[in-house]
Amino acid sequence: MHIPDGFLNPEMCAITAAIVAPYAAYAFYKTRAIPKEKRAIIPVLASAIFAAQMLNWPIVGGTSLHFVGGALSGMLLGPWGGFTTMFLVLLVQCLVFHDGGITTLGANLLNMAVIDVLVGYAVYRLAPEKYKGVGAFLGAWAGITLAGVAAGVELGLSSYMPYGLSVTLPVMGFWHALLGIIEGLITMGVYSYLKSRAPYMLAGAAGGGVA
Amino acid sequence: MKRAWLFILLLVAVSPVFGVFLADMLGYHEPLDVAAEKLGLRDLTERTNWTPFLDYRVPGLPEWLGYIASGIIGVAIVAALGYLVARGGSE
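If you're matching them up, the sequences are chains A and B in order.
Numbered as in the working numbering, the first sequence ends at 213 without a single skipped number.
Numbered as in the working numbering, the second sequence ends at 407 without a single skipped number.
The following block holds chain A by itself, in its conformation from the complex (with noise of 0.2 Å):
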């Protein structure tokens, strides 16, 4: 889902880093009132959803996709500390790797590491106490499908074409509505596991403040 230079205009690459900007700096200030021992689960966690974007699964029609991790990102460690998670892991993929454009990071942010991560951790803290599984489920289709139709948009809106977004709507809904199932499997199996094994880790367990 990482959009390369070259995708969006220069118009739509400065309205996404006007929005991301701003809201880095205050997840970064919200981020360092995370108690420090839920803090320390962020190199671990960065890292692993770093190693697992490399992994590009095969699925119908030559299409593939990986592991995003934003909404599991929301879901451990609150909205402010998922953003600086996802912000690292999109940060050296960009500078080190030029995977997803140094124009785009501004919309690469906001797609994965702000809507994808707010996205799960709210359908997740809605969920009942007894269906948290369920919840980790839909927050992470819900938000790999939602960040997916924002990046449509961006790439929509982006092209000269006057019939951009009716192009890059259904392909990106559709096509991340399906990944979006996958990712829900993986996030509600990282979750049960971590549930069942280490408890604190999760936002909004005892003792473990969102901030």
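It should be emphasised that the hints constitute simulated quantities derived from the structure, not laboratory data.
Pair by pair, the computed Cβ-Cβ distance ranges are: (1) GLY404(B) to LYS132(A): 36 to 42 Å; (2) PRO172(A) to ARG363(B): 28 to 34 Å; (3) PRO378(B) to ILE61(A): 25 to 31 Å; (4) ALA200(A) to ILE388(B): 21 to 27 Å; (5) ASP340(B) to MET163(A): 28 to 34 Å; (6) PRO378(B) to ILE21(A): 40 to 46 Å; (7) TYR165(A) to TYR399(B): 46 to 52 Å.
The structure displayed is predicted, hence computed values, not measured ones.
C-beta atoms are modelled at their ideal positions from N, C-alpha and C, and glycine is treated no differently.
Fit chain B to the supplied structure of chain A, relying on the hints for placement.
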């Protein structure tokens, strides 16, 4: 935590199977690229590139080994930055 790091190493070790071999065999395409192609948008990555590690390769290494080396380099930098974040701030 130790188990988590072992898991990350395992992911990096198997990553060329998915990121290189299967990708070459099946010709992967992300939905994003499909949409962009239909609109005639142009990927400028290669023309504007600044890094020797483009496409998770390392110059001089075979593709699969470069992919693993890239994974190790990437994880090391991400983890180092993550530790800086984890150390700062409130107690």
